[in-house]
Amino acid sequence: MEAENAVFTENLGRIYKIRGAKKNESKQLIALEGVNLSIRKGELFGLLGPNGAGKTTLIKILTTLLAPTSGKANVAGFDVYKEADEIRHHINMVSGGETSGYGLLTVKENLWMFSQFYGIDSKIANQRIKRLLEIVELSDRTNTKCAELSTGLRQKMNIIRGFLTDPEVLFLDEPTLGLDVGASRDVRKFIRTWIEEQPQRTVLLTTHYMVEADELCNRVAIINKGKVLACDTPTALKHTLRKDAIFNIEVNSEAPFSVDSLRKIAGVIRADKTEEDGFSRLEIVLKHESVLSSVIDEFHTLNLRIQNLQKREATLEDVFVALVGARMEEVEHAEFAED
Amino acid sequence: MSSLTRKDLLSKDFLSIFRRSFKTSTWLGWKIESNWTDPFLFAVYSIIKPLSGAAIIVVMYSVIAQGNYDTPYFAFLYFGNAFFQYVGSVMTGVSWAIVDDREHYKTLKYMYVAPIQMPTYLLGRGMARILVGTLSVFITILGGILFLNVPFHFSEVNWLLFAVTFVLGIIALINMGLILAGVTLMLARHSDFVGDAVASSMFLFTGAIFPITSLPVVLQPIGYALPTTYWLELIRRALIGNVVDAFPTFAGFSNLQLLGILTAFALVLSIVSNRIFKACEHRAREQGLIDRVTNY
Amino acid sequence: MQTMIGRASPRLIGLYREKSWLIFDVFFPMLTVIGYVMIYKAIGAPEDYVGFVVVGGAMTAFWMNILWSMSSQLYWEKETGNLPLYIASPAPMMGILLGMALGGMVGTFIRATGVILIGSLLFNVTYTIQNGFLLGIIFILSMISLYGLGMMTASLFLLFGREAWHLANLAQEPVFLVSGFYFPLKFLPFWVSAAASIIPLTLGLDGMRQLVFASGATLGFLDPKLEAIILAVLSVFFIVGAKLLLDHTEKLAIREGRITENRR
Ligand SMILES: Nc1ncnc2c1ncn2[C@@H]1O[C@H](COP(=O)(O)OP(=O)(O)OP(=O)(O)O)[C@@H](O)[C@H]1O
Ligand SMILES: [Mg+2]
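Protein chains in written order, with the working numbering: chain A, 863 to 1201; chain B, 134 to 429; chain C, 7 to 270.
Hints may contain errors.
What the hints assert, rightly or not - Keeping only pairs whose Cα atoms sit at most 30 angstroms apart, straight-line, the calculated DSBU-like set for lysine-lysine is:
id	chain 1	residue 1	chain 2	residue 2
1	B	K239	A	K934
2	B	K411	A	K934
3	A	K889	B	K164
4	A	K1007	B	K156
5	B	K182	C	K47
6	B	K156	A	K985
7	A	K992	B	K164
8	B	K411	A	K1007
9	B	K164	A	K970
10	C	K231	B	K182
11	A	K944	B	K411
12	A	K992	B	K239
13	A	K1149	A	K1089
14	B	K239	A	K1007
15	A	K1087	B	K239
16	B	K411	A	K992
17	B	K156	A	K889
18	B	K411	A	K879
19	A	K944	B	K182
20	B	K239	A	K970
21	B	K239	A	K1089
22	A	K944	B	K239
Calculated from the structure, these hints are not laboratory results.
Start from the sequences, fold in the hints, and give me the full structure.
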């Protein structure tokens, strides 16, 4: 197993002890529980989950920053707990949404310095820096002090820092968080090209953007509340819902209505409503297409006029809902409500 | 990217990692410490501050002694105070990067993920401060001799003893700094104060401004357990030899015996400090403190 | 006033919650006090000098509070990204700073009292209070002008940016020297003492020492009554200065936008 696996975890768990508001009161928070993953060399692997799912915790364990409280994990063939020093020669990491870096150094100096910590020849490092800066369109800021960069530009610099050392396994924790649409797209594209350049390169990326996981990753693990619920290729994950018929329907109605009666129809897995300007958008998942006629009958009872009806393919969002029983946004809002 | 890539990652031997950790972090430390809008301010900072501290003591002394500067105690006081600054410079120099990188630059985790030796990195980051500290001590002594009536006779200096003592002291202090860095790593709060707290506490116990025999008897053992006590005694013996006779704390010990004790301290600390640091690191990893930001 | 209380209360609450802070703020001055007392004892200084050091050491707590808390506060708010919130809020900056000053003053007063108590017990200091009324006036005036100065420097620090930390550091030992924190001000050259009097604690400390120690009067710099008058003038000067400077800073922040950016 070691030979092919870039990352391998067995029953990995992490519990945080948190001090309560009162003295001596200590609570436990299970951030990860029984995680079994094996990521092959050459894979672009995605971890998809809502806020607080445990993605960052997993990355921290794999990058040797945090010790697991149970189970074990291997990266590049080395144990994260016992052989941390070894692992560090083979990996690099970038976390999105933060402004790290030495503000008083220029972009180039920051990057050059990190390359030196990895023992990369200065000339080669400078070539790579130049090339990478061009790719993310940061070349014009090469000699700008990092303190004078905007948050997004700083993050681009950070992303370059990750690729600069040409790691065997690269950990990207929400790399596109805080980047604009164009920059996110460029970064995604670059990750794809980078991994395809050499068969040995592996990327583990976390995200809570469905599309990012879907478009970018070879395989995706869906994680919620510290547990991995499913792990497969995006296609295979969506394939589990192949029998379901998913419809987007836009309806007009005179008076407000509730979707409860739709949900009660036999064969309706899910019915959600979002209000738009002047009409309602319904998302309805059926066990089988044949149920549609009963749904339309119910529309008549509710006095709804169909504006537009579309059958669509399952997305990872649907997979998440099927696994967790709620949409990702709902999970996140519930989290915040608890705090 | 380039075909050379894997090879340069393979240079894993101790020495080359040491070299690159030290070289690069020294560069970084220098960049940070010398980041002054005005280089003049930098000079002022490393001269005015220590000299003012020394001047307070001189004024205090002169108010009471009414201008009689040629006493053994005055020399004892001035040199002890001046060289004690070094304890702070070296110890916080080595441990400060933990706070700075974790809280301010948010880069500590990236340093940890990188294949470097953390202790070496810390030492490199501290080099600039150690250098500035050396300069400060030198200036304090020089300023004292030139302007503040500090008695000093070039011809009586034992330069060899001074050099050996100085180096041994630096080794001991660097390793104490590393232990301090370990403690800092484990502390989520107040981490920016520990350096100062430890250094200031040592000030009272190590015979910097008064002989440790003036301490209450129960507290004296603390002084004897600190390497800096022997270091300061030897520095005084080397630079202002005759003064020491007036303070017989270590009268029973020859220079060589004291050097032996200091060497033993330096040696033991060198061995122990790395282990303690590793142990602290271990705990920090278990508790997830490496990338914890306190956010004041 | 609303703003003031709004800002003062979290500081007071913070003070009680963070007991460790208290220890640090009593601990550091205490160490220095002990060290300097030992020096005086070693040279055989009269007993009252021990008291001078204890009182001076306690007053350093206020100076530290001005330097590290008041002055750098806006700067830290900027670093942590809260400053835009303050500037954007309808509350005037002066109110916010006054609140901070009040919170800081009460907290520091407790800590300074701690230093005085411990120091006095440890070294058996005897006080002979001569004119309690004048003593109170001098203390209150020192506090008003000191915190006025703090408000003024708060905006100065903001303008200085990253060097603020170093500036605060630089204003420690030199000020302890020229303001006579550990010895009677009288022993410095007259013009040095006179120049140092711009820092309210200089005259405040000198005046208080004259009024609480038996030998104080003979070791004083100026007549305590005159010192009280000068302190009153300083209070007005600093408060007006703080107001003007703050308005200027606020304007700069809005017009040029360079102050609210968090950059490191
Ligand atoms: N140092 C810590 N101490 C205590 N609890 C923690 C700590 N770090 C994380 N947690 C908790 O562990 C859980 C998982 O956090 P984690 O940061 O791994 O989530 P995540 O999936 O990365 O979320 P996000 O999408 O918001 O980044 C959360 O409930 C979080 O509150
Ligand atoms: Mg996260």
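When the hints from earlier in the document are held up against this structure, which numbers fail? As far as the earlier hints go, 3, 8, 10, 16, 17 and 19 are violated by this structure, in ascending order.
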